[in-house]
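Dock chain one against chain two, each of which comes alone in its own frame, and use the hints as you go.
Chains as they are written, first to last, in our numbering: chain A, 1 to 545; chain B, 1 to 326.
Quick caveat, the hints were computed from the structure, so don't treat them as lab data.
There could be a bad hint or two in this list.
[Stated by the list, open to error] In silico lysine to aspartate or glutamate, DMTMM-like type, Cα no more than 20 Å apart, as pairs: (1) Lys139/B with Glu211/A; (2) Lys209/A with Asp294/B; (3) Lys139/B with Glu186/A; (4) Lys150/A with Glu228/A; (5) Lys207/A with Asp294/B.
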Amino acid sequence: MSSTLAGAYLAPLIEHFKNTPGVQFNEKNHARTGFLSEAVIPESSIRDTAKKFLSHEFFLETLTAVDFAECFELAYCFNHWKECSRCVVKVVIPKSQETATSIHDIYAGANWLEREIHDMYGLKFTNHPNLKRLLLPENSRIHPLLKNFKGEVSGSDVKQVGQLIEDYKDGYETGYAEDIPKHPDEYVINLGPQHPSTHGVLRVLLKLKGERVLSGAPVIGYAHRNHEKMAEVQEYKAFWPNVGRLDYVGAMSYNLGYAALIERAMGIEAPERTQYIRVLLTELNRVASHLLWLGTYLLDLGLFTPFFYCFDDRERILDILEHVTGERLTYDYFRFGGLQRDMPDEIVVRKAGEFIAPFKKRLKDYHDLLTRNVIFQKRTQHVGVMTKETAMGYGVTGPSLRACGIPMDLRRHEPYSIYERLDFEIPTEGGGDAYARYLIRMREMAESIKIIEQIITRIPQGEYQQAKIPRNVPKGEYYFAVEAARGSFGMYLVSDGSPQPYKIKLRTPSFANLSSLPVMSQGCFVADMISILGSIDIVMPEVDR
Amino acid sequence: MILPFWLQETLKAVLIGTAVLFFITVNALFLVWMERKVSAKIQLRRGPLYVGPMGLLQTLADAVKLISKELTTPRHSNRFLFVLAPLVVFAPLIGSFLVLPLGENIIIKDLNIGLLLVFAMANIAFLGIFTGGWSSNNKYSALGAMRSVAQNISYEIPLLLSVMGVVLIVGSLKMSAIVEVQSNVWFIFLQPMAFLIFLCAMLGETNRAPFDIPEAESELVAGYHTEYSGFRFALFFLAEYTNVFIGSALAATLFFGGWRGPLLPGPVWFILKTYALVFVVMWIRWTFPRLRSDQLMSLAWKVLIPFALINILATAFVLSAASAGP
Chain A
1 MSSTLAGAYL
11 APLIEHFKNT
21 PGVQFNEKNH
31 ARTGFLSEAV
41 IPESSIRDTA
51 KKFLSHEFFL
61 ETLTAVDFAE
71 CFELAYCFNH
81 WKECSRCVVK
91 VVIPKSQETA
101 TSIHDIYAGA
111 NWLEREIHDM
121 YGLKFTNHPN
131 LKRLLLPENS
141 RIHPLLKNFK
151 GEVSGSDVKQ
161 VGQLIEDYKD
171 GYETGYAEDI
181 PKHPDEYVIN
191 LGPQHPSTHG
201 VLRVLLKLKG
211 ERVLSGAPVI
221 GYAHRNHEKM
231 AEVQEYKAFW
241 PNVGRLDYVG
251 AMSYNLGYAA
261 LIERAMGIEA
271 PERTQYIRVL
281 LTELNRVASH
291 LLWLGTYLLD
301 LGLFTPFFYC
311 FDDRERILDI
321 LEHVTGERLT
331 YDYFRFGGLQ
341 RDMPDEIVVR
351 KAGEFIAPFK
361 KRLKDYHDLL
371 TRNVIFQKRT
381 QHVGVMTKET
391 AMGYGVTGPS
401 LRACGIPMDL
411 RRHEPYSIYE
421 RLDFEIPTEG
431 GGDAYARYLI
441 RMREMAESIK
451 IIEQIITRIP
461 QGEYQQAKIP
471 RNVPKGEYYF
481 AVEAARGSFG
491 MYLVSDGSPQ
501 PYKIKLRTPS
511 FANLSSLPVM
521 SQGCFVADMI
531 SILGSIDIVM
541 PEVDR
Chain B
1 MILPFWLQET
11 LKAVLIGTAV
21 LFFITVNALF
31 LVWMERKVSA
41 KIQLRRGPLY
51 VGPMGLLQTL
61 ADAVKLISKE
71 LTTPRHSNRF
81 LFVLAPLVVF
91 APLIGSFLVL
101 PLGENIIIKD
111 LNIGLLLVFA
121 MANIAFLGIF
131 TGGWSSNNKY
141 SALGAMRSVA
151 QNISYEIPLL
161 LSVMGVVLIV
171 GSLKMSAIVE
181 VQSNVWFIFL
191 QPMAFLIFLC
201 AMLGETNRAP
211 FDIPEAESEL
221 VAGYHTEYSG
231 FRFALFFLAE
241 YTNVFIGSAL
251 AATLFFGGWR
261 GPLLPGPVWF
271 ILKTYALVFV
281 VMWIRWTFPR
291 LRSDQLMSLA
301 WKVLIPFALI
311 NILATAFVLS
321 AASAGP
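Excised from the complex, chain B in its bound form (with noise of 0.2 Å):
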């Protein structure tokens, strides 16, 4: 039995969606549990223990009480927007998956401008948190939220200008056209300045510590997520986890040669690769102590900025250097 065109495509587009929610949920729940376990380690403790074979399912246990919780909206917020701000920092998430390369032709839609849109995607997200800080009608919500726009604005830039050193040399912002070039050396070598200020922009992007500070809850209570509770929370989350996550499997795409590798199949590798940039993430958040904003702002202007031009700038002579030679 044949099916007719549309159905066909509509069929693949519900179940690839189903499929990468169910990762992203089993990912951030398996992520939660790695937080905790590797800020266990660090900080003398055993984490969680008893839920499941080393606590694996502790997370699971904590996602069905936050659900289960009820959802509360201050008096006087915008309801509207306090409702579809988790929603719009959710959602988004999803488009970056069509891109990511998980092993040989084993990646949903090899899109021309792939890279172009995990950012584009990750900068929808920046909305959602305005709003939802917005509409919480709540001082601390809005400091965080005004912080996150700050933030964002200042750290799109270094994070654009220094994956461009790579897309020159590839010539593509296609992903699989990235790993491909990536074959005989991966690009940290030729570019390790530019994965340096990927990594600082990237936390920057993510809100991860030191640069957590839309949410720094030592200064804002919680941020811009102060009111939400139950599962509107858990969808913030999620979100948090998950842009780890994307963030990492582009640094490893762009930098560690993506799903290649030897003996193992690719799609291990990637997820190798991945979860040990996750790792460093972790390390980091757990060893540093946060900016303050104005700080921030400088690193991402006056520093991160003009190294990533000086690096697109050396990156381009050193290719038409290379082309224009005998």
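Bound-form chain A, shown alone (with noise of 0.2 Å):
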């Protein structure tokens, strides 16, 4: 694990905590906790200290709060896209207050992110054009994150949940009554939740006027099932499954992402063996997740045939996933320290090398097939422009982020595991559009088998599993972040010292990315709208959690 991380970006923002009275800060070791650097700042600074923040280029990773006993506690933590200096920024506002300020117009990624804290602990944000719930029904009652709701079934939360069925009985209204369109040409129309391209249940609110979309808007958490409060009332290795539902397209990247934290909160390392098997399983992962995203958009820009060959392709992947871990999708293999047994080298190095071979050929005739078809181009081109800028608004990561030229991938970004000691390059495209995004994953796969052919020449032998696990996590705040197949997908952990986590917070790549789509879909087609739906790739359980 690097901690040779130098922070320079950061250095200037240290100045000005440093200078400003009210203040506290505090150096953070990375490689224990995440962090660089930690700042408690009062609660009417914030919109100042976000500012100060944009204007040195950072982005905000994720914002979340932790209810303590006596108060309530907002961590922003803010990174920059070129070098990582995460620094956690908190906010402490007393249980009596119950409203926070918003800074969604700084940050517009923080309109969702406050609607959901909204939501789960029913903090209202001043300022905020739009604070309705965003997971849970509009008029639920309930506010699950907060500590005292218990979720028992003899219990009033639970009452008022059996209220919230009992409401929506004879079916409620959708749609919001200032939607609805004043001018005789306009119209809304649901796309979704039930529709056969919005990859799940997402709703899209859309306004048009004949195919023109004036506005998009997506309504979330059909699928939302509250994994923060699982791992809450659980204990840390209960949490496991969990994990493997989130995404479950490209499940082993959450599955390192919590293997690591939980280590780094730990203070263990996983062997070697361990980490050469992880980043494997992790690739192959990646490659199948890409497979079935391109394989899906196409099907959504009206072509059926690549999906079969996509699916074809994938199949070999997951044949090799299921030897190791003897599931095929949700999956539940890692261990803290180590796996949970040991891998079959012989089976799965032929298998790999069997799928890499044809693999190479098919993703040329991908490429012939596709990326010089006019009607492909057409479609995808100059389609759901995002800009650097909006990119970095909504924090939005992984391959949508670095098709608008910005080089950000984690394992190269804040390296873990043994991405370090690995040969490959980030691709990048300057486009912004879906062509680009397409041309960023079809990259990416390319380099994703490069790592697969260096991992299995060089496994080593050896333990898999580290023999002294620690019970319990010490107290502190850790976070942990990992290249998912969909962008940057972080941990943040608070730990009380207890076998239960006492709060995490999960920051998943498709939540950011799908909050982007009102300024992406701005005045394009139906038909557009599809295609852009498509290109940022979401994944709808990971959105709603």
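What follows is the structure in structure tokens.
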């Protein structure tokens, strides 16, 4: 684990914090906690601080609240795209106050994050333009992430949930009154939640004029299960199955993220062999995820055939992963300091070899059939253009960010596991449109194959499980981020030293990526809307958690 | 026993009508099977296998299932138009079969305006699509209907213009005459550009991929026939495949010498050529993504129509030069 991060971009801000009265500032050990620094600032100065971070080109990685006995703590994680400079800024809100200041106009991505906090904790944000519930139904009366929400069958909170079902007995009016258009030419259409091209249960409220999209607002929460609450009421190891069910298409990265987070917090390190196996499986899973994206995206564009080719290739990867983990989709294979069981080397190496050679040929076929296909280009070029500034403002990560020309990939940006020792490139494109995102993913598949080839020749023998695992996680705050197939997956853990996490915030890439949809879809056609939605590659269970 | 003239004619009409209907149904069932087999071959699959030899009866089983399903009508739809629409889409197709020349003298009615009749009939069908989409009282259906009207208007023009070159050479709209002139050389060699334009416009007219935007399932759920079920849906389905057949048959007649060919009898050649073209249409469907509606329009107005006009001018010029020559 590298700890030689200089934090040059953070220096002016540290200077600022040190010179401001009323700010408590601490340096942090990045290797132990995932943060370079921490600042506790008064609630009134959050807007100025956010502006300061924005002026130094930082982006808002995540924003969450923690419910302590006497106060709420808002934790803003800022990071820089050029170099890992993660800084957590904390604001303490007394329980009696219940209001905080919104920064949605500084960081557009905060809009949804603040709504989520409002939904889960009941906090109100002043000056927020649309402070409605995000994940739970609109007329819920519960705030499930509050510590006094127990979820016991006999408790009053569960009775409230029962009441909610009673309220919706006769169905309820979808859409908002203010969204009903006044002009006779305009009309509203609900794209989803049951629609063939929304990749799960997403609803987009489209306001149309003819075929022209005037505005498209995503409505989410249909696959909400509240994994964060589940984490709080269980022991650390009981959360394993949940991790594989966030992004079911690329679950290995999430396994890796959770394992690495707890290992960082416990101060242990997985054996060498385990590290190699983890990266191998993660990269295989990344290729599988991109293949699934390619197939379904082309399906969205009305092209059926590649779907079957992509699934044929993906099938071979799933076979390998099944041999190793026993599961085909929602993997639950990594453990703290090791793996669930050892990997059968010969079978995997042979099967991976059998997969790679034909796949390289297939990848060339895809390029030949699509990359210069006129219709494909027409449907994707200049469609859903995202500027660098928009991407930064919304905290967009992953291929969508790299398609805007920002070479941020956590495997290089904040190297973890054995990625430092591997030879691969971070592809970037300048267009920022759907076509650029396509090219990025195609090149990423080739890079992942390169990584897999490097690993299978040199998996070391030896132990796969760290013998001694502490039972508890020491008190403190920890952050770990990995590059999942869709972007940066981060976990913010607050531990009170007990066998259960006090709070886990899941920073899922699709959540931030989807929140930028209204900007990308402004003024496009209905057909483009589908193309844009497909090109950002969202997985709804991950957005809704 | 000699029947009175009117009875003879009525009997003839009924018999021919029944035969055409029978052919349409069997043909559509076969084409659906063929489409499934062709797409399966293209997509690393095997297609229907178990019902009948090579899965041939699978589509029949599907048709029986479809017919036995409940006919639903959306609550706020215009019921009369909703029921009428599939019939309006389907009925004109029978008219087109009147003038298709299956072989030498094997043609139901060799009208003077044969070619025009086929286009006229194809246009009526669009009225049905529009009524169907509109009366469903569903926004997706309405969008599909809107798209289909725009598409029909745009693609009708290049379709007609592209065959004008052929008509200029032949000097007649009579189908038998068109085949007759091609006894020496097929029009595909004289009018290659016209054929390409015709193929494009035909795909647009028949709502086939990559021009299937009125029913683009990834955008509009199922477009204009979203609300249709059971037999009414089957009528739309039948119409689609019959349209593909008629379009291909027309292309075979106009550009590939119709029923002419060595050794085999005329109708066999006609069917072979038509199915070969149907295969090309299917091949295109499973290879290309869908265009967007505005791109579709610009293709029609900015590419197909100008080139079709150039083709007519060039043909007319060459013809007049040839006739005025020594």
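To see whether the hints hold, each was checked on the structure:
no.	hint	verdict
1	Lys139/B with Glu211/A	holds (11 Å)
2	Lys209/A with Asp294/B	holds (14 Å)
3	Lys139/B with Glu186/A	holds (12 Å)
4	Lys150/A with Glu228/A	holds (13 Å)
5	Lys207/A with Asp294/B	holds (19 Å)
Checked against the numbered hints given earlier, the structure satisfies every one of them.
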